[in-house]
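Q: These are the residues of each chain, in order.
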Amino acid sequence: MHTKPVATYRTRLLPLLAFLLLAAGPFVLPVYWTFILTEILIMALFAMSFNLLMGYTGLLSFGQAGFFGTGAYAAALVILKGGGSLWLALAAAPLAAALAALVIGYLCVRRDEIYFAMITLGFGMMLYTLAHNWIEISGGSDGLPLAAIPPLNLGALRISLFNPVAMYLLVLCTTALGALFLQRVVRSPFGLMLTAIRENRDRLAFVGADVRRVRLVAFVIAGAVSGLAGALFCLFNGMATPDFMHWSFSARPVLMTVLGGAGVFWGPAFGAAVFFILEQLTTQITENWMIVLGAVLIPVVVFFPKGILGTWLHFLKNRRSQRS
Amino acid sequence: MNSQPILKIAHLGHSYGKFPVIRDISLEVDRGSLTALIGPNGAGKTTFYNAVSGRFRPTRGQVFFDGREITGMPAHKIVSLGLLRSFQITNIFPNLTVIENVLVPLVLQHGKSCALWRRLQAEDKLYRQAEAVLDKIGILDAAGRPACELAYGDRRRVEMAIVLARQPKLVLLDEPTAGMNPEETEQMVQLIRELAEHFGTTFFLTEHDMRVVFSVAAKIFVLHQGHLLAAGSPQAIRENRRVREAYLGGSTDA
Chain X
1 MHTKPVATYR TRLLPLLAFL LLAAGPFVLP VYWTFILTEI LIMALFAMSF NLLMGYTGLL
61 SFGQAGFFGT GAYAAALVIL KGGGSLWLAL AAAPLAAALA ALVIGYLCVR RDEIYFAMIT
121 LGFGMMLYTL AHNWIEISGG SDGLPLAAIP PLNLGALRIS LFNPVAMYLL VLCTTALGAL
181 FLQRVVRSPF GLMLTAIREN RDRLAFVGAD VRRVRLVAFV IAGAVSGLAG ALFCLFNGMA
241 TPDFMHWSFS ARPVLMTVLG GAGVFWGPAF GAAVFFILEQ LTTQITENWM IVLGAVLIPV
301 VVFFPKGILG TWLHFLKNRR SQRS
Chain Z
1 MNSQPILKIA HLGHSYGKFP VIRDISLEVD RGSLTALIGP NGAGKTTFYN AVSGRFRPTR
61 GQVFFDGREI TGMPAHKIVS LGLLRSFQIT NIFPNLTVIE NVLVPLVLQH GKSCALWRRL
121 QAEDKLYRQA EAVLDKIGIL DAAGRPACEL AYGDRRRVEM AIVLARQPKL VLLDEPTAGM
181 NPEETEQMVQ LIRELAEHFG TTFFLTEHDM RVVFSVAAKI FVLHQGHLLA AGSPQAIREN
241 RRVREAYLGG STDA
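Chains X and Z, in that order, are what the protein sequence lines are. Quick note on numbering: the working numbering labels position 86 of the first sequence as 86, and the sequence is numbered without any gaps. Quick note on numbering: the working numbering labels position 101 of the second sequence as 101, and the sequence is numbered without any gaps.
Hints are supplied without guarantee of correctness; some may be wrong.
[What the hints assert, rightly or not] Taking lysine-lysine pairs in the DSSO-like style, the calculated list, with each CA pair at most 30 Å apart, reads:
#, chain 1, residue 1, chain 2, residue 2
1, Z, 112, X, 4
2, X, 317, X, 4
3, Z, 8, X, 4
4, Z, 8, Z, 77
5, Z, 18, Z, 136
6, Z, 136, X, 81
7, Z, 8, X, 317
8, Z, 125, X, 4
9, Z, 77, Z, 112
Because the hints were derived from the structure by calculation, they are not lab data. Please read all numbers here as calculations on a predicted model, not as lab measurements.
Based on the provided sequences and hints, a complete structural model is requested.
A: Written out as structure tokens, the structure reads:
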């Protein structure tokens, strides 16, 4: 009896193919689009970490930018005051964000749904205010500009990240590793606990799970990966500013996840791409980008609640099962 | 075999605000028995189950399970001691497949709920155990289907599989045949009897359907307006005048 889902070549090969295509991107695309792609990848990682909470665990975190920003500031502080190692900056960011998520999550995971969303929103804005007003550490509203970005140190090789292609490839590799990590988590026994919480947390508690603890672990993991994305964003922009932590920044992964598909693993990445490409195409024609975004988002939510990628995958699956 | 009762309730009471829903209930459930708790709507059956299974701390009294006091323990701790329950309204993981539904309790039982770095699919032992449970419950054919796609009776079986996967010592079944047609009810009764024999599990069930109660239970407790009205064999309960007045409405064909 085959009760395990069978992995197809599609699920294994497609991500690899996408990675290779993306790696080749900056060598054929104009520099401007390399910048856009870099930003897409960073936001994709951010949105995928958010999806671990929203799509898999059923927790709408509305303060995820707080952890994104914590990662950005941690990276900036390491670079400016902590010796300036790039690797150290990239390691410190998820650690600092995980620590923040542990403290904040401890208080948040007790509540559900809108209450959870409101508490995370509140904590996110507290972090924002902290970054805005603690001028000695955070530089206040000016943020922390990086005078120099440390070069990528690969043993004998030192690569300057002022080169957009080098920056892009660093972001691509880090995002890919972050995505692999999240995928591993989602497919683990722990990942099953997450979907079980989303599906029915009451039943889960009554088969013996400490729902709060599982949620807290998920919250810390999502926070850490958000922090890693924040560090990349800090390197990419050459600065960390309080804006990275503002609640409107927290709305971005929400929009991207809803666009691509909540609970669909690659959905948020797809949503991030749609978001930025659409923004680029629209702003060439009109300034009213948000109207266009709304015009796309509303029909997606109303008619395709599984998101664009989610609906498409569902369609493919149905067609395949009809054939067999 | 241990002759100590598996469940012992002492003077259990619970009030919502000033309104007492259950009052001074004391009872014992024997190991390996099939016991039923009956009573009209609003008698406090579900409140009683909630207080025992850890949904909330009862305002009065004590609950002992397998010789240990569990009063006020969080639900997941009570479960880990071996007391599981089903719910009146089918309570499963609707968008997970049937086998995933059963894998959830097995992951928890094997202490792997925080195993981040293993692949679930590599857990052959868990899959085999899950398949064995589904086979016993008779829904192995549906293993790969989302649970929400199943017919009502089969969804109730999924819940039964979830509960039994953890090899509980005591199962509280809250109206296991609620909403079932006569055929499904008959199958469920059959299933409960078989499970009691095969697994050696103790069942304590509430039920609306009197035919079910009198055909499966060896001992019956009657709850009326929050307190225990009577206890005894089906025969004794059927003949109990107070029970008939309060509950059966004098009908003897039950």
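Q: Given the hinted pair residue 77 of chain Z and residue 112 of chain Z, is their Cα-Cα distance within 30 Å?
A: 16 Å, holds
Q: Could you grab the alpha-carbon distance between residue 112 of chain Z and residue 4 of chain X and see if it respects the 30 Å cut-off?
A: Given pair residue 112 of chain Z, residue 4 of chain X holds - Cα atoms ~18 Å apart, limit 30 Å.
Q: Between the alpha carbons of residue 136 of chain Z and residue 81 of chain X, is the straight-line distance 30 Å or under?
A: Status violated; Cα separation ~64 Å.
Q: Between residue 8 of chain Z and residue 4 of chain X, is the straight-line Cα distance small enough, at 30 Å or below?
A: Answer violated: residue 8 of chain Z to residue 4 of chain X is near 42 Å, above 30 Å.
Q: Would the pair residue 317 of chain X and residue 4 of chain X pass a check requiring their Cα atoms to be no farther apart than 30 Å?
A: 16 Å, holds
Q: Going straight from one Cα to the other, do residue 8 of chain Z and residue 77 of chain Z come out at no more than 30 Å?
A: 18 Å, holds
Q: Regarding the pair residue 125 of chain Z and residue 4 of chain X, is the alpha-carbon distance no greater than 30 Å?
A: 12 Å, holds
Q: Measure nothing beyond the straight line between the CA atoms of residue 8 of chain Z and residue 317 of chain X; if it is 30 Å or shorter, mark the hint as holding.
A: 52 Å, violated
Q: Taking 30 Å as the top limit, are the C-alpha atoms of residue 18 of chain Z and residue 136 of chain Z close enough?
A: 46 Å, violated
In the structure shown, a violation is registered for the earlier hints numbered 3, 5, 6 and 7, in ascending order.
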